[in-house]
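A.B. asks: Next come the chains, spelled out residue by residue.
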Amino acid sequence: MPAISFQNVSKTYTTAGRHVRALDGVSFDIEPGEFFGLLGPNGAGKTTLISILAGLSAASGGKVLVHGHDVVTDYAAARRSLGIVPQELVFDPFFSVRETLVIQSGYFGVRNNGAWIDELLAGLGLADKAHANMRQLSGGMKRRVLVAQALVHRPPVIVLDEPTAGVDVELRQTLWQFVARLNKEGHTVLLTTHYLEEAEALCGRIAMLKQGRIVALDRTTALLAGTASTMLRFKLDAPLPAALAARARVTGRIVQLKAHDAAEVEQVLAALRDAGLKPEDLEIGRADLEDVFLDIMQSESGGAR
Amino acid sequence: MSSHGLFAGTRTLLYKEMLRFWKVSFQTVAAPVLTAVLYLLIFGHVLEDHVKVYEDVGYTSFLIPGLVMMGVLQNAFANSSSSLIQSKITGNLVFLLVSPLSHWAWFTAYVGASVVRGVVVGAGVLAVTMWFAPLPLVEPAWVFAFAVVGAAMMGALGLLAGLWAEKFDQIAAFQNFIVMPMTFLSGVFYSVKSLPGFWQGVSHLNPFFYMIDGFRRGFFGASDVSPWTSLAVAGGGLVVVCALCLHLLRIGYKIRH
Numbered sequence: 102m103p104a105i106s107f108q109n110v111s112k113t114y115t116t117a118g119r120h121v122r123a124l125d126g127v128s129f130d131i132e133p134g135e136f137f138g139l140l141g142p143n144g145a146g147k148t149t150l151i152s153i154l155a156g157l158s159a160a161s162g163g164k165v166l167v168h169g170h171d172v173v174t175d176y177a178a179a180r181r182s183l184g185i186v187p188q189e190l191v192f193d194p195f196f197s198v199r200e201t202l203v204i205q206s207g208y209f210g211v212r213n214n215g216a217w218i219d220e221l222l223a224g225l226g227l228a229d230k231a232h233a234n235m236r237q238l239s240g241g242m243k244r245r246v247l248v249a250q251a252l253v254h255r256p257p258v259i260v261l262d263e264p265t266a267g268v269d270v271e272l273r274q275t276l277w278q279f280v281a282r283l284n285k286e287g288h289t290v291l292l293t294t295h296y297l298e299e300a301e302a303l304c305g306r307i308a309m310l311k312q313g314r315i316v317a318l319d320r321t322t323a324l325l326a327g328t329a330s331t332m333l334r335f336k337l338d339a340p341l342p343a344a345l346a347a348r349a350r351v352t353g354r355i356v357q358l359k360a361h362d363a364a365e366v367e368q369v370l371a372a373l374r375d376a377g378l379k380p381e382d383l384e385i386g387r388a389d390l391e392d393v394f395l396d397i398m399q400s401e402s403g404g405a406r
Numbered sequence: 038m039s040s041h042g043l044f045a046g047t048r049t050l051l052y053k054e055m056l057r058f059w060k061v062s063f064q065t066v067a068a069p070v071l072t073a074v075l076y077l078l079i080f081g082h083v084l085e086d087h088v089k090v091y092e093d094v095g096y097t098s099f100l101i102p103g104l105v106m107m108g109v110l111q112n113a114f115a116n117s118s119s120s121l122i123q124s125k126i127t128g129n130l131v132f133l134l135v136s137p138l139s140h141w142a143w144f145t146a147y148v149g150a151s152v153v154r155g156v157v158v159g160a161g162v163l164a165v166t167m168w169f170a171p172l173p174l175v176e177p178a179w180v181f182a183f184a185v186v187g188a189a190m191m192g193a194l195g196l197l198a199g200l201w202a203e204k205f206d207q208i209a210a211f212q213n214f215i216v217m218p219m220t221f222l223s224g225v226f227y228s229v230k231s232l233p234g235f236w237q238g239v240s241h242l243n244p245f246f247y248m249i250d251g252f253r254r255g256f257f258g259a260s261d262v263s264p265w266t267s268l269a270v271a272g273g274g275l276v277v278v279c280a281l282c283l284h285l286l287r288i289g290y291k292i293r294h
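Those protein sequence lines, which keep their order, are chains A and B.
If you read the first sequence in this note's numbering, its first letter stands for residue 102, the second for the next number, and so on.
If you read the second sequence in this note's numbering, its first letter stands for residue 38, the second for the next number, and so on.
You may find that some hints are simply not true.
[Claimed, not checked] Residues of chain B clear of chain A, computed beta-carbon distances all greater than 10 angstroms: (1) Tyr52; (2) Val135; (3) Leu222; (4) Gly238.
[To be verified] Per label pair, the in silico range of CB-to-CB distance: (5) B:Met219 to A:Gln108: 46 to 56 angstroms; (6) A:Gln237 to B:Val239: 47 to 57 angstroms; (7) A:Glu132 to B:Met217: 37 to 47 angstroms; (8) A:Gln237 to B:Gln207: 26 to 36 angstroms.
These aren't lab readings, by the way, just hints derived from the structure by calculation.
Owing to the predicted nature of the structure, the values given are computational and were not obtained by experimental measurement.
C-beta atoms are modelled at their ideal positions from N, C-alpha and C, and glycine is treated no differently.
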C-alpha cells in the first residue's frame with residue numbers, strides 16, 4: 102500500500118472573476134520509506150497539493166489516500182499518519198517551546214510524550230530553548246519548532262513544504278541530517294523545495310509540477326540521465342555572441358551551456374574564440390537537477406516523461 | 038485513535054484555551070472585574086436612593102447580579118471569538134487544522150473554555166461586589182443554570198463570530214454593535230418593568246433579558262418573567278447557536294478552503 106496516493110486530483114477556484122485551474126488531474130503514488138521531491142516553479146500547484154493532502158483545502162475532484170486512509174472521509178486516521186511542516190513561519194505567541202510541543206502532541210491523543218519531546222528538542226538543537234516563549238526565538242529557531250511540532254506524534258509520513266526557504270546554512274544542515282536520519286529509520290518523506298541541489302542530494306524520486314500538471318516523474322538518477330549529459334560552465338566579462346546567448350543560462354558572469362557531446366563543446370569554444378572572448382575557469386561537468394528542471398519547465402510541450 | 042485518545046485531544050484543546058486566557062489573566066479576568074466594580078460604585082452611588090425595583094431590595098443589591106451576569110456573558114463571548122480570530126490571522130490555526138480533532142472536539146473545547154472564563158470572571162465580580170450591599174441567595178440552582186447556559190451560548194456565539202470574521206475590526210464591531218447594546222438593554226441596570234409599554238415589548242425580544250432576569254431570580258426569588266420561560270428562551274437560543282456552530286465547523290466554514 103502506498104504511503105501517499107494522489108488519484109486524479111484537481112482543484113479549481115475563482116478569484117477576481119477569473120477561473121483558475123490550480124491542479125489538473127494529478128496522479129502519483131509515494132511508496133513507504135521513500136524520500137520524494139515535489140518540484141515546480143511558484144504557482145505550479147505544489148502548496149495546493151500539500152494543502153489538500155493535509156486537509157487544509159478540499160480537492161475539486163479526485164482523492165488522496167495516506168496509508169490507505171482517505172484524507173476526507175477518514176481524515177482522523179489520515180492526519181495521524183501525517184506530520185506537516187507548513188511553509189509559513191507561524192507560531193502561537195502565548196506558549197513556550199515545550200508547551201507548544203506538549204499541546205500539539207495532545208491534539209493527536211498522545212500524552213506523557215516527554216521522552217520523545219526531549220529527543221526532538223535535542224535532535225533539532227532546541228534543548229536550551231525548551232522554556233523560552235515562542236516570541237523570543239529567532240526565525241531559524243521557530244522553523245525548528247515547526248519541524249518538531251510536525252514530528253511530535255511520530256507520524257510515519259513527513260511532509261516538508263519548502264522548509265529551508267530563507268534559513269541559514271547551519272539550520273539547513275541540521276534539518277537535513279535530522280530528516281535523513283528519520284528517513285533511514287523508515288519514515289516516508291515528501292519534500293517541496295526551491296533548492297534543487299537539496300532535492301538532488303536527498304530525493305530518490307522526483308515529480309515536477311507545471312501549471313497544475315505533472316510534467317516529469319521519475320527516479321532522480323533517471324531524470325539526470327535523461328537530459329543533455331554535459332554542461333559547459335565558464336566565467337565571462339563580455340557579452341556572449343548572439344548565437345550562443347540564445348541557448349545559454351547566464352547568472353552574472355557565470356555562463357552555462359548545454360552540450361550533447363565533445364564535438365558540440367568544441368563548436369562552443371570555437372565560437373568564443375572567433376568572437377575574441379576568453380572564458381575563465383572553464384569546466385565541463387554533468388548536468389545537474391537544475392538543468393533538468395529548467396529543460397522541462399522551458400519545454401513547450403510540457404508532456405509527462 | 039481510541040476513544041480515550043479522542044477525549045485526550047479534546048481535553049488538550051480545552052486546556053490550551055484555558056491556559057491562553059489564564060496567562061493574560063490581568064487583562065482577561067482582573068480588568069472586567071474592575072470595570073464591574075466601577076459600574077457598581079458609580080451607578081450605585083447615583084441611583085441607590087432613587088430606584089427601587091423589588092420590595093426590600095436596594096438598588097446596589099439589585100445591580101450586583103446584573104453586573105455579574107454581564108461579566109459572564111461578555112467574557113464568554115470574548116474568549117472564543119478572540120482566540121479564534123487571533124489564530125486565524127496569525128496563521129497558527131494550521132496546527133489545529135492538521136490535527137485529527139473533529140468538529141465536536143473544537144466545539145466542546147472552545148465553548149468549554151468560554152464557559153470557564155465567563156464563570157471565573159462572574160465569580161470574581163461577585164466576590165468583589167458582594168461586600169457593597171446585602172445579597173441573598175434564595176434559589177441558587179437558577180444562578181448556576183443561567184450562568185452556564187448563558188456562558189455556553191455566548192461562547193458558541195463567539196465561535197460563530199470568530200469563524201465569520203476575517204479581521205479584528207469585525208470582531209470589535211460584533212462586540213460593540215451587537216453584544217454590548219444587547220447586554221446594556223437587557224435590564225442589567227434596571228428592571229424592564231420600569232420602561233414604557235413599547236420598550237418593555239422590545240426588551241422581551243432580547244434573549245439577554247431572559248438570561249439576566251433568570252440569573253437574578255436565583256438571588257432574590259423575584260423576577261420580571263417566570264424563570265422557566267427565561268430558561269426555555271435561553272436554552273432555545275443555545276441550541277440554535279450550537280447547531281449552527283457545529284455545522285459551520287463541520288464544513289470548515291472560512292477555515293478550510
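A.B. asks: Look at each hint and say if it fits the structure.
C.D. replies: Here's how the hints hold up against the structure:
Remark: the non-interface label on B:Tyr52 conflicts with the geometry, its nearest Cβ contact in chain A lying 7 angstroms away (cut-off 10 angstroms). Taking the minimum C-beta to C-beta distance to chain A, about 5 angstroms, the non-interface status of B:Val135 is violated against the 10 angstroms cut. Interface exclusion of B:Leu222 from chain A stands, the closest Cβ pair being 34 angstroms apart, more than 10 angstroms. For B:Gly238, the requirement that its beta carbon stay farther than 10 angstroms from each beta carbon of chain A is met, with the minimum near 45 angstroms.
Distance hint check: the CB atoms of B:Met219 and A:Gln108 are about 50 angstroms apart, consistent with the given range 46 to 56 angstroms. At about 52 angstroms, the CB distance of A:Gln237 to B:Val239 agrees with the hint of 47 to 57 angstroms. For the pair A:Glu132 and B:Met217, the beta carbons lie near 58 angstroms from each other, so the given range of 37 to 47 angstroms is not met. Take A:Gln237 and B:Gln207: their Cβ atoms lie about 30 angstroms apart, and the range 26 to 36 angstroms holds.
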